[in-house]
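Hey, can you work out the whole structure from these sequences and the hints?
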Amino acid sequence: ILNVEQSPQSLHVQEGDSTNFTCSFPSSNFYALHWYRWETAKSPEALFVMTLNGDEKKKGRISATLNTKEGYSYLYIKGSQPEDSATYLCAFWGAGGTSYGKLTFGQGTILTVHP
Amino acid sequence: ETGVTQTPRHLVMGMTNKKSLKCEQHLGHNAMYWYKQSAKKPLELMFVYNFKEQTENNSVPSRFSPECPNSSHLFLHLHTLQPEDSALYLCASSQAGQYNEQFFGPGTRLTVL
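Read top to bottom, the protein sequences are chains V and P.
The working numbering numbers the first residue of the first sequence as 1 and each following residue consecutively.
The working numbering numbers the first residue of the second sequence as 1 and each following residue consecutively.
Misleading hints may appear alongside valid ones.
Calculated lysine-lysine pairs in the DSSO-like style (CA-CA distance at most 30 Å, straight line) [said to hold, decoys possible]:
{"#": "1", "chain 1": "V", "residue 1": "K42", "chain 2": "V", "residue 2": "K102"}
{"#": "2", "chain 1": "V", "residue 1": "K102", "chain 2": "P", "residue 2": "K18"}
{"#": "3", "chain 1": "V", "residue 1": "K102", "chain 2": "P", "residue 2": "K40"}
{"#": "4", "chain 1": "V", "residue 1": "K57", "chain 2": "P", "residue 2": "K36"}
{"#": "5", "chain 1": "P", "residue 1": "K18", "chain 2": "P", "residue 2": "K36"}
{"#": "6", "chain 1": "P", "residue 1": "K19", "chain 2": "V", "residue 2": "K58"}
{"#": "7", "chain 1": "P", "residue 1": "K52", "chain 2": "V", "residue 2": "K78"}
{"#": "8", "chain 1": "V", "residue 1": "K59", "chain 2": "P", "residue 2": "K18"}
{"#": "9", "chain 1": "P", "residue 1": "K52", "chain 2": "P", "residue 2": "K19"}
{"#": "10", "chain 1": "P", "residue 1": "K18", "chain 2": "P", "residue 2": "K40"}
{"#": "11", "chain 1": "P", "residue 1": "K36", "chain 2": "P", "residue 2": "K52"}
{"#": "12", "chain 1": "P", "residue 1": "K36", "chain 2": "V", "residue 2": "K42"}
{"#": "13", "chain 1": "V", "residue 1": "K57", "chain 2": "P", "residue 2": "K18"}
{"#": "14", "chain 1": "P", "residue 1": "K40", "chain 2": "V", "residue 2": "K42"}
{"#": "15", "chain 1": "V", "residue 1": "K102", "chain 2": "P", "residue 2": "K36"}
{"#": "16", "chain 1": "P", "residue 1": "K22", "chain 2": "V", "residue 2": "K102"}
{"#": "17", "chain 1": "P", "residue 1": "K22", "chain 2": "V", "residue 2": "K78"}
{"#": "18", "chain 1": "V", "residue 1": "K42", "chain 2": "V", "residue 2": "K57"}
The set of hints was computed from the structure by calculation and includes no laboratory data.
These numbers were taken from a predicted model, which means no experiment stands behind them.
So, in structure tokens, the structure goes:
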């Protein structure tokens, strides 16, 4: 069974706080790691696709890092705003086994930013 | 607007009914996907179509039957479903391959009575 684990499951922060959460995935047979943001009543929306060990991506106040050797990725949000409230999903695309040819998603981290 | 539309948005059906979910993408993608989101579970891949050919069936029961008549349209035909099949069904599309982000539709909320 392929395990993509995200922590924490949920997070409450105050507006202006910076926060981060983790996605862990198998460290072998790595092809790509995707991050998606899923706001309530909307469709999941891609944030980043990360492919190389040491990758760092940034979009506005959101950034992500990737460590394929140890099998984890961090997502950071700087100066959280209420509109950042959403479920953040990571998904692993493997190079073999049960993860080959498809994305396997984690359960997500639910972020709530309080004004 | 994501460019991926799904109909209907909500569906209630009995266990003996036959219904179909429809997905359409206007993004020129060559891969389309069906995912299932059940309560308290991760988003789960059901089927993948690359260039209209099914390349993945993630051990989905035969009461779910996908159809991809062309690269822009994807259907999920439902028959004799069970109450535990009640879930949110999401369609997505992308350029084929692991390096390409997927674009999701709004989903169909299915309730099986």
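Going down the list of hints, with the structure as the test:
At roughly 23 Å between alpha-carbon atoms, K42 (chain V) and K102 (chain V) fall within 30 Å of each other, so this suggested pair holds. Distance restraint check for K102 (chain V) and K18 (chain P): the Cα-Cα separation of roughly 28 Å lies within the 30 Å cut-off, and the hinted pair is therefore satisfied. Between K102 (chain V) and K40 (chain P) the alpha-carbon distance is near 21 Å, which keeps this suggested pair within the 30 Å criterion. At most 30 Å may separate the alpha-carbon atoms for a hinted pair to count; K57 (chain V) and K36 (chain P) meet this at roughly 28 Å.
A C-alpha spacing of about 18 Å is found between K18 (chain P) and K36 (chain P), which places the hinted pair at or below 30 Å, so the restraint holds. Restraint check: the Cα-Cα separation between K19 (chain P) and K58 (chain V) comes to about 43 Å, which exceeds 30 Å; the hinted pair is violated. Only pairs whose Cα atoms come within 30 Å are accepted, and K52 (chain P) paired with K78 (chain V) is rejected, the gap being roughly 41 Å. Only pairs whose Cα atoms come within 30 Å are accepted, and K59 (chain V) paired with K18 (chain P) is rejected, the gap being roughly 44 Å.
Among the hinted pairs, K52 (chain P) with K19 (chain P) is consistent with the structure: their alpha-carbon atoms are about 21 Å apart, no more than 30 Å. About 27 Å separates the Cα atoms of K18 (chain P) and K40 (chain P), which keeps this hinted pair within 30 Å; it holds. Among the hinted pairs, K36 (chain P) with K52 (chain P) is consistent with the structure: their alpha-carbon atoms are about 20 Å apart, no more than 30 Å. In summary, the hint linking K36 (chain P) to K42 (chain V) is supported, as the alpha carbons are separated by about 15 Å, within the 30 Å threshold.
Taking the CA atoms of K57 (chain V) and K18 (chain P), the gap is near 45 Å; set against the 30 Å cutoff, the hint is violated. For the proposed pair K40 (chain P) and K42 (chain V), the alpha carbon gap of about 18 Å is at most 30 Å, so the pair holds. Distance hint between K102 (chain V) and K36 (chain P) is fulfilled; the C-alpha atoms sit about 14 Å from each other, no more than 30 Å. Restraint check for K22 (chain P) and K102 (chain V): satisfied, since their Cα atoms lie roughly 21 Å apart, inside the 30 Å limit.
Distance hint between K22 (chain P) and K78 (chain V) is unfulfilled; the C-alpha atoms sit about 39 Å from each other, more than 30 Å. Between K42 (chain V) and K57 (chain V) the alpha-carbon distance is near 24 Å, which keeps this suggested pair within the 30 Å criterion.
The structure shown violates the earlier hints numbered 6, 7, 8, 13, 17.
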